[in-house]
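All chains, please: the whole structure from these sequences, using the hints.
Chains as they are written, first to last, in the working numbering: chain A, 2 to 520; chain B, 3 to 251.
Any given hint might turn out to be false.
[To be verified] According to the in silico footprint, chain B covers these stretches of chain A (three or more CB under 8 Å from chain B):
hint, stretch
1, 4–11
2, 14–27
3, 216–228
4, 358–372
5, 415–424
[Said to hold, decoys possible] A partial selection of chain A residues facing chain B, derived with a Cβ cut-off under 10 Å:
hint, residue
6, 65
7, 67
8, 79
9, 111
10, 112
11, 113
12, 115
13, 137
14, 156
15, 160
16, 193
17, 277
18, 496
The hints are simulated quantities; they were obtained by calculation from the structure and are not laboratory data. Here the structure is a predicted model, which means the values were calculated and not measured. Beta carbons: idealized from backbone N, C-alpha and C, even for Gly.
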Amino acid sequence: MSDSIVWIVLFPLFGAVACALGGAISKKICYPVSVLSMVATVWVSVDTLFQAIESPIHEISYILGGWSLDLFPRGVGIEFRADLLGALIALVVTGVGLIVALYSKVPVQRETPGKEPMYYGLFLLQISGLAGIALTGDAFNLYVLIEVAALTGYGLIALGTNRAAAATFNYIILGTIGASFYLLGVGYLYLKTGTLNMVGIREVIEAHGLFDSPAMQVAFVLVLLGILIKMAFFPFHAWLPNAYCHAPTTTSCLLAPLVTKVMIYVMIRMVLTVFGVEFSFESTWWTEFLPWLVVVAIVCAAVMALAQREIKRMLAYLIVAEVGYMVGGVWIYNYYGLIGSVFHIISDACMTLCLFLGAGIILEKCKTTHFNGLRGLFSKMPLTMIGFFIGGFSIIGLPPTCGFFSKWYLITGGMVSERWEYMITLMFSTMVMVVLFFRLIERIHLAVDESGKNLGKGHGDLGLTKQQTRFDEAPLSMLIPLLLAASVVLLVGVYNQEVVDQIEVFLQPFNLPTGVKYE
Amino acid sequence: MKKTAFILVLCIGLLLAWAVQDFPAWGDPKSPASSSPVASHFIANTGVDTEVPNMVTAVLADYRGFDTMFETVVVFIAGLAVFSILRGGPKSRTRDREFVVDFEPDLIVTNTVRLIVPVIQIFAFYVLAHGHVSPGGGFQGGVAMGASFILIALSWDLKTALARFPIERCFTVAALGIVIYAGIGLLSLFLGGEFLDYAHLAKIFPVSPEMARYHAMLGVEIGVGFTVTAIMFALYASLSTDGRMRDGL
Numbered sequence: 002m003s004d005s006i007v008w009i010v011l012f013p014l015f016g017a018v019a020c021a022l023g024g025a026i027s028k029k030i031c032y033p034v035s036v037l038s039m040v041a042t043v044w045v046s047v048d049t050l051f052q053a054i055e056s057p058i059h060e061i062s063y064i065l066g067g068w069s070l071d072l073f074p075r076g077v078g079i080e081f082r083a084d085l086l087g088a089l090i091a092l093v094v095t096g097v098g099l100i101v102a103l104y105s106k107v108p109v110q111r112e113t114p115g116k117e118p119m120y121y122g123l124f125l126l127q128i129s130g131l132a133g134i135a136l137t138g139d140a141f142n143l144y145v146l147i148e149v150a151a152l153t154g155y156g157l158i159a160l161g162t163n164r165a166a167a168a169t170f171n172y173i174i175l176g177t178i179g180a181s182f183y184l185l186g187v188g189y190l191y192l193k194t195g196t197l198n199m200v201g202i203r204e205v206i207e208a209h210g211l212f213d214s215p216a217m218q219v220a221f222v223l224v225l226l227g228i229l230i231k232m233a234f235f236p237f238h239a240w241l242p243n244a245y246c247h248a249p250t251t252t253s254c255l256l257a258p259l260v261t262k263v264m265i266y267v268m269i270r271m272v273l274t275v276f277g278v279e280f281s282f283e284s285t286w287w288t289e290f291l292p293w294l295v296v297v298a299i300v301c302a303a304v305m306a307l308a309q310r311e312i313k314r315m316l317a318y319l320i321v322a323e324v325g326y327m328v329g330g331v332w333i334y335n336y337y338g339l340i341g342s343v344f345h346i347i348s349d350a351c352m353t354l355c356l357f358l359g360a361g362i363i364l365e366k367c368k369t370t371h372f373n374g375l376r377g378l379f380s381k382m383p384l385t386m387i388g389f390f391i392g393g394f395s396i397i398g399l400p401p402t403c404g405f406f407s408k409w410y411l412i413t414g415g416m417v418s419e420r421w422e423y424m425i426t427l428m429f430s431t432m433v434m435v436v437l438f439f440r441l442i443e444r445i446h447l448a449v450d451e452s453g454k455n456l457g458k459g460h461g462d463l464g465l466t467k468q469q470t471r472f473d474e475a476p477l478s479m480l481i482p483l484l485l486a487a488s489v490v491l492l493v494g495v496y497n498q499e500v501v502d503q504i505e506v507f508l509q510p511f512n513l514p515t516g517v518k519y520e
Numbered sequence: 003m004k005k006t007a008f009i010l011v012l013c014i015g016l017l018l019a020w021a022v023q024d025f026p027a028w029g030d031p032k033s034p035a036s037s038s039p040v041a042s043h044f045i046a047n048t049g050v051d052t053e054v055p056n057m058v059t060a061v062l063a064d065y066r067g068f069d070t071m072f073e074t075v076v077v078f079i080a081g082l083a084v085f086s087i088l089r090g091g092p093k094s095r096t097r098d099r100e101f102v103v104d105f106e107p108d109l110i111v112t113n114t115v116r117l118i119v120p121v122i123q124i125f126a127f128y129v130l131a132h133g134h135v136s137p138g139g140g141f142q143g144g145v146a147m148g149a150s151f152i153l154i155a156l157s158w159d160l161k162t163a164l165a166r167f168p169i170e171r172c173f174t175v176a177a178l179g180i181v182i183y184a185g186i187g188l189l190s191l192f193l194g195g196e197f198l199d200y201a202h203l204a205k206i207f208p209v210s211p212e213m214a215r216y217h218a219m220l221g222v223e224i225g226v227g228f229t230v231t232a233i234m235f236a237l238y239a240s241l242s243t244d245g246r247m248r249d250g251l
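Below you can see the structure in the form of structure tokens.
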């Protein structure tokens with residue numbers, strides 16, 4: 002269908018309305034309705050991606066309301082544009098949404114009993130907002146969709162345990178500050194260019210030579226600052242760990258892989274499409290400054306992750322570190338760094354999903370995700386643990402998982418730009434991840450407790466009773482999504498060349514430096 | 003801490019002040035925002051494209067109707083989130099109130115409200131229906147409508163207002179508002195146009211494409227009005243009672 006791009010946003014929207022309306026009659030229909038609408042959404046986003054790949058200019062444009070784009074600068078109506086980057090991110094968003102929707106049956110019933118219609122309504126609207134962010138070609142429409150995604154996020158998080166409300170309040174304050182900065186920046190952009198269309202803004206910047214204009218530079222700083230707050234970049238990360246830690250299981254599974262990653266997509270979109278490469282990288286001072294901030298961000302986040310004794314909280318700090326990777330990949334300013342950043346958005350979404358699904362199952366079965374309660378879990382839930390550790394290995398960056406390949410491109414980028422500090426930080430953080438996950442493996446497989454004392458009696462004995470190590474796997478509705486996510490991690494890793502090819506097609510027109518200068 | 007915050011605020015303030023030197027002059031007709039072809043297109047063509055005299059409404063509900071649809075969704079989300087968070091919260095919320103309000107509704111107040119409420123509601127309909135001709139529209143009309151129910155709750159009690167507009171029906175009406183808005187967009191999609199391209203509605207209604215845009219704008223404003231009315235009242239009912247839906251202010 003030629004309209005599939007707009008259906009990506011409409012299917013979840015109508016699904017949400019159906020949940021809110023139908024939920025008043027019977028609460029049981031919410032789960033099937035959301036799974037069905039997510040299946041349809043994934044179908045249309047796959048269709049959109051293939052349309053974008055097959056089209057000669059590698060993008061499809063859709064004008065809502067049917068207004069013409071003939072003016073210069075364009076921007077009478079709102080445009081939806083799916084270039085290869087946008088279509089890939091939209092597919093990631095909807096794919097994660099489908100897997101989490103499948104997974105949600107048991108945890109939603111347990112954690113928010115009686116509130117299913119509202120919960121699924123917010124859940125689907127969240128996906129609608131995030132997918133819309135990936136597809137919109139209009140700077141103000143982007144703000145509206147960021148608001149949709151943020152407000153649903155606040156609602157979904159606040160439905161968690163008792164402390165969730167306080168965590169959400171923090172998130173609301175910081176998220177609102179971030180959104181206000183972005184909106185102010187867009188206001189400045191409109192003031193100087195007279196259009197809100199992303200491509201239109203870049204055309205005006207190039208046509209009128211606005212590279213040295215103070216108002217444009219302030220607009221860039223404001224937009225960037227807003228997005229950095231929204232993506233939980235290190236000094237602004239304070240809202241994230243508590244919010245994801247106290248949120249209901251399904252919420253953290255949905256938000257953790259998507260929200261920060263989509264915001265990094267917004268940053269790439271702003272840098273490449275709205276302001277343009279020349280403005281963003283060559284006429285300003287922040288290209289020198291930001292990579293050093295990234296170094297601080299990754300080191301601090303990795304050390305804080307090391308200090309955690311609870312799986313969900315540890316994963317939350319890992320996300321903050323991963324955000325640092327991707328921001329760094331953009332700001333070292335070269336071709337490979339950007340390939341790495343874009344590919345890392347995709348692979349980080351897959352592996353974070355995998356880890357949070359695993360942590361959710363652990364929470365469901367053991368009632369805790371503290372490190373002390375993990376002993377003997379492998380004999381109890383072998384399949385869950387395999388899925389969880391595939392995600393963990395991908396975070397570390399072991400081949401053939403997708404994390405290895407994206408990190409490879411990021412490190413290559415650091416080398417090509419001779420940003421040694423960034424490269425060394427990546428290596429350091431990889432070491433920290435190794436410690437984190439092998440410590441977990443030790444807790445799960447061996448009979449040592451927190452102080453290092455051996456509790457077992459000889460080889461293979463965990464110091465637990467038969468009852469405690471009896472095979473007791475998670476319900477299928479939770480296990481299958483986890484294994485699905487784990488296999489996606491492996492598949493994206495094995496077929497990394499196919500994904501990178503599409504990213505390269507997208508990045509080719511921007512003439513980024515490739516750094517080959519030793520001939 | 004306060005000093006750091008002050009320095010940060012000062013920095014941002016200086017940054018903003020620095021940008022002002024680059025701004026176009028106040029009210030300058032040659033400024034990019036005023037002279038850009040986009041703005042000129044709105045000014046020159048609103049009447050031709052849509053037959054709507056109120057340019058602002060045409061931009062809001064037609065040229066940029068997709069934004070407005072999601073703004074309506076934002077209102078819906080706000081109501082949904084507040085209602086679901088507060089409902090059936092922790093036990094501590096069921097503690098007795100510090101003072102018990104137990105008196106008959108005041109005679110003068112209730113009789114005044116009895117007179118005022120119909121006027122407010124008719125005015126709300128007027129604002130809503132005249133949105134594309136004069137200042138007004140779905141958001142404003144919806145707020146006035148919602149305020150009339152809040153006034154009933156304030157002058158009698160919440161039970162009286164809830165008897166007229168039960169909380170479950172609030173969410174049905176709010177969802178219905180979005181269905182109306184998105185449904186009009188969808189109808190034009192099915193009739194062969196783009197999503198929200200109202201001109202294609204002329205294929206099934208006996209009007210010109212321009213008048214189809216005119217009437218469809220009224221349609222989406224009604225959708226917005228539904229959602230805003232219901233969510234206004236649902237927010238008041240939830241927040242004033244901590245989600246218990248009884249007693250209240």
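Status of each hint after checking the structure:
1. Counting residues of the stretch 4–11 of chain A whose C-beta lies closer than 8 Å to any C-beta of chain B gives 3; at least three are required, and the coverage claim holds.
2. A stretch counts as covered by a chain when three or more of its residues have a beta carbon under 8 Å from one of that chain; for the stretch 14–27 of chain A and chain B the count is 6, and the coverage holds.
3. Counting residues of the stretch 216–228 of chain A whose CB lies closer than 8 Å to any CB of chain B gives 6, so the stated coverage by that chain holds, three being the minimum.
4. Here's how the stretch 358–372 of chain A fares: 0 of its residues keep a CB closer than 8 Å to some CB of chain B, so the rule of at least three is not met and the hint is violated.
5. For a cut-off of 8 Å, the count of residues in the stretch 415–424 of chain A with a CB near a CB of chain B stands at 0, and the three-residue condition is violated.
6. Interface restraint check for residue 65(A): the shortest CB-CB distance to chain B comes to about 4 Å, inside 10 Å, so the restraint holds.
7. This hint holds: residue 67(A) has a C-beta 3 Å from the nearest C-beta of chain B, less than the 10 Å allowed.
8. For residue 79(A), the interface hint holds, the least distance from its beta-carbon to any beta-carbon of chain B being 5 Å, beneath 10 Å.
9. A cut of 10 Å between beta carbons decides the hint on residue 111(A): the least distance to chain B is about 14 Å, and the hint is violated.
10. Restraint check, residue 112(A) versus chain B: the minimum CB separation of about 12 Å is more than 10 Å; hint violated.
11. Below 10 Å, beta-carbon pairs count as interface contacts, and residue 113(A) has one with chain B at about 8 Å; its hint therefore holds.
12. Among the interface hints, the one on residue 115(A) holds; its C-beta lies about 7 Å from the nearest C-beta in chain B, closer than the 10 Å criterion.
13. Evaluation of the residue 137(A) hint against chain B yields a held restraint, the C-beta minimum of about 9 Å falling below 10 Å.
14. Interface hint status for residue 156(A): upheld, as the beta-carbon distance to the closest one in chain B is roughly 3 Å, under 10 Å.
15. Taking 10 Å as the C-beta contact cut-off toward chain B, the hint placing residue 160(A) at the interface holds, the least distance being around 6 Å.
16. The restraint placing residue 193(A) at the interface with chain B holds, with a minimum CB-CB distance near 6 Å, inside the 10 Å limit.
17. A cut of 10 Å between beta carbons decides the hint on residue 277(A): the least distance to chain B is about 17 Å, and the hint is violated.
18. A distance limit of 10 Å between C-beta atoms decides the matter here; for residue 496(A) the minimum to chain B is near 33 Å, and the interface restraint is violated.
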